[in-house]
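Enquirer: Work out the full structure, taking the sequences as your base and the hints as a guide.
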Amino acid sequence: MMNKEHVLVDREIALLEHVRRSGKGFYITVSILTALVLWGIYAYLTQYQTGLGVTGLSRQIFWGVYITNFVFFIGISHAGTFISAVLRVVKAEWRRPISRLSELTTVFILFFGVGSVLIDLGRPDRMLYAIRYAHFRSPLLWDVCSIATYLTVSSICLYLALIPDIALMRDLGWKKRQWFYEILSLGFTGTEKQWHRLEKAITIMSIIVIPVMITVHTVVSYVFAMTIQPMWHSAIFGPYFVAGALFSGIATVITIMAVIRKAYHLENYLKPVHFYNLGTLLLAMTLLWVYFTLGEYVTTFYGNEPVHMEIFWSKLTGKFAPLFWLHIVLCFVIPFPILANPKTRTIKGTVIASISVNIGMWLERFIIIVPTLTRQRISVEQALYIPTWVEWSIFLGCLSFFSLLYVLFTKFFPIIPIWEMQEGREKAVTKVEDRIKSYLPETGA
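Be aware that the sequence shown starts at 1, since it is given in my numbering, and climbs by one per residue.
To be clear, the hints were calculated from the coordinates, so they are not data collected in a lab. Hints should not be assumed to be uniformly reliable.
Think about it this way: if two alpha-carbon atoms lie no more than 25 Å apart in a straight line, the pair counts; the simulated DSS-like pairs of lysine-lysine are [as the list claims (entries may be wrong)]:
1) Lys262 - Lys411
2) Lys262 - Lys343
3) Lys200 - Lys431
4) Lys193 - Lys91
5) Lys427 - Lys200
6) Lys91 - Lys200
7) Lys193 - Lys427
8) Lys193 - Lys431
9) Lys271 - Lys343
10) Lys262 - Lys24
11) Lys24 - Lys176
12) Lys411 - Lys175
13) Lys176 - Lys411
14) Lys431 - Lys271
15) Lys348 - Lys262
16) Lys91 - Lys431
17) Lys91 - Lys271
18) Lys348 - Lys271
19) Lys427 - Lys271
20) Lys427 - Lys91
21) Lys24 - Lys175
22) Lys91 - Lys437
23) Lys411 - Lys24
24) Lys271 - Lys411
25) Lys427 - Lys437
These figures come from a predicted structure and were not determined experimentally.
Expert: Here you go:
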């Protein structure tokens with residue numbers, strides 16, 4: 001089996017070019033990203049030494065950019081599960097070239113989702129209290145358990161799918177890295193028994209991770225919905241957050257696909273059909289997101305409860321109106337006509353729609369969190385929240401660190417799963433042969 005895969009490497013050597021060679025562009029990219037990460041670290045150290053007073057947060061508005069990032073990053077992590085696990089279970093063959101980059105997105109972005117909470121605490125060591133003084137009725141404990149489970153299961157899924165390609169690179173004889181691949185390959189040699197066990201394990205983990213994915217963002221929404229704060233205490237928040245997570249997650253994968261395709265010259269593998277199909281999924285999520293958004297705001301308006309309506313009108317016509325309507329434009333007005341028309345559901349079109357959706361979904365998380373905190377039930381002066389350079393710098397540092405991890409990963413492992421491409425090709429050939437034999441029986445003689 002492994003000898004058969006070596007033939008595949010010769011035919012698809014482009015899939016290992018980014019692992020074997022490092023051009024000038026690689027070092028420039030790593031240098032820029034490293035500089036941005038260091039700037040983010042400097043901003044965090046400033047906050048750690050000085051305190052949360054260097055942020056725009058206050059006693060009244062205790063959640064801002066950091067918790068917005070937490071919800072946004074955890075949402076993006078749903079992309080890997082949906083695209084890889086769900087499409088694997090339903091046997092969607094077109095998902096093969098994009099399965100690894102979607103799984104990688106899930107694992108890496110989860111670290112920054114958790115990290116955003118630690119940054120928001122000011123004192124990261126206090127996170128231990130959530131475990132030491134754990135209370136089953138606390139949504140915070142549910143978050144810790146669900147996210148830890150999701151990260152573990154997603155990491156296992158990513159690693160299992162990497163093993164055949166790691167074994168392949170081990171056998172290529174790259175002396176400087178051979179010991180590294182030898183350890184990670186776990187003795188995989190490609191026997192029929194090993195393949196059977198591996199495929200069974202991947203299938204089982206794919207099935208397990210799907211309900212875990214749904215649980216994670218449902219529980220994240222409970223941090224807000226389990227309170228009695230206006231515009232938070234809503235039964236719709238669970239499915240609303242899950243839909244938004246899939247919405248932003250698919251958009252993120254499309255954006256990453258476009259960058260990877262261009263940077264590593266993978267036009268023969270990441271084809272227009274992949275962008276078209278993901279664009280179709282993004283269109284479906286656009287409509288689902290609009291449905292939940294309308295459901296949330298129409299029921300609030302119809303209920304006409306004064307404490308809710310004050311927040312409601314601050315979003316639609318008050319000081320948060322510019323951000324609210326901007327996020328509507330970015331999440332629906334721009335992407336919907338692009339994605340609804342098959343002629344514009346091209347690589348360029350889907351990328352434009354995806355970038356628009358991601359910016360809009362970050363604003364949506366911000367619009368959900370901050371306005372509610374600016375108005376309290378007791379008569380106090382309304383608070384004002386303006387994020388500082390520290391918060392924006394840490395946000396930029398997180399995005400840069402995520403990108404840096406992605407770039408470094410591609411220097412050790414192929415971003416397109418070679419063994420899955422081979423398996424898909426073999427299945428396609430077999431399917432065509434069986435179809436021909438069905439109406440030309442003599443071909444089987």
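Enquirer: If a hint holds in the structure, say so; if it doesn't, say that too.
Expert: Structure-based check of each hint:
Taking the CA atoms of Lys262 and Lys411, the gap is about 16 Å. The hint holds against a cut of 25 Å. Between Lys262 and Lys343 the CA atoms are separated by roughly 22 Å; this keeps the pair inside 25 Å, and the hint holds. Between Lys200 and Lys431, the direct Cα distance comes to roughly 22 Å. Compliance with the 25 Å bound is thereby established for this hinted pair. A C-alpha spacing of about 22 Å is found between Lys193 and Lys91, which places the hinted pair at or below 25 Å, so the restraint holds.
Pair hint Lys427 plus Lys200 holds up; C-alpha atoms about 17 Å apart against a cutoff of 25 Å. The suggested pairing of Lys91 with Lys200 holds, with an alpha-carbon distance near 14 Å, which does not exceed 25 Å. With a C-alpha separation of about 19 Å, the suggested pairing of Lys193 with Lys427 holds against the 25 Å cut-off. With a CA separation close to 23 Å, the supplied pair Lys193 and Lys431 stays within the 25 Å bound.
For the hint pairing Lys271 with Lys343, the CA-to-CA distance comes to about 16 Å; that is within 25 Å, so the pair holds. About 15 Å separates the Cα atoms of Lys262 and Lys24, which keeps this hinted pair within 25 Å; it holds. This hinted pair checks out: Lys24 and Lys176 have alpha carbons roughly 21 Å apart, not beyond 25 Å. As the CA atoms of Lys411 and Lys175 are separated by approximately 15 Å, the hinted pair is consistent with the 25 Å bound.
The suggested pairing of Lys176 with Lys411 holds, with an alpha-carbon distance near 13 Å, which does not exceed 25 Å. The suggested pairing of Lys431 with Lys271 holds, with an alpha-carbon distance near 22 Å, which does not exceed 25 Å. Restraint check: the Cα-Cα separation between Lys348 and Lys262 comes to about 12 Å, which is no more than 25 Å; the hinted pair holds. Taking the CA atoms of Lys91 and Lys431, the gap is near 14 Å; set against the 25 Å cutoff, the hint holds.
Between Lys91 and Lys271 the CA atoms are separated by roughly 19 Å; this keeps the pair inside 25 Å, and the hint holds. At roughly 12 Å between alpha-carbon atoms, Lys348 and Lys271 fall within 25 Å of each other, so this suggested pair holds. Pair hint Lys427 plus Lys271 holds up; C-alpha atoms about 19 Å apart against a cutoff of 25 Å. For a cut-off of 25 Å, the pair hint linking Lys427 to Lys91 stands: about 12 Å separates their Cα positions.
A distance of roughly 23 Å separates the Cα atoms of Lys24 and Lys175; the hinted pair therefore holds under the 25 Å criterion. With a C-alpha separation of about 23 Å, the suggested pairing of Lys91 with Lys437 holds against the 25 Å cut-off. For the suggested pair Lys411 and Lys24, the alpha carbons sit about 14 Å apart, so the restraint of at most 25 Å is met. With a C-alpha separation of about 22 Å, the suggested pair Lys271 and Lys411 falls inside the 25 Å cut-off, and the hint holds.
Restraint check for Lys427 and Lys437: the C-alpha separation of about 15 Å stays at or below 25 Å, so the hint holds.
Hint compliance for this structure: every hint is met.
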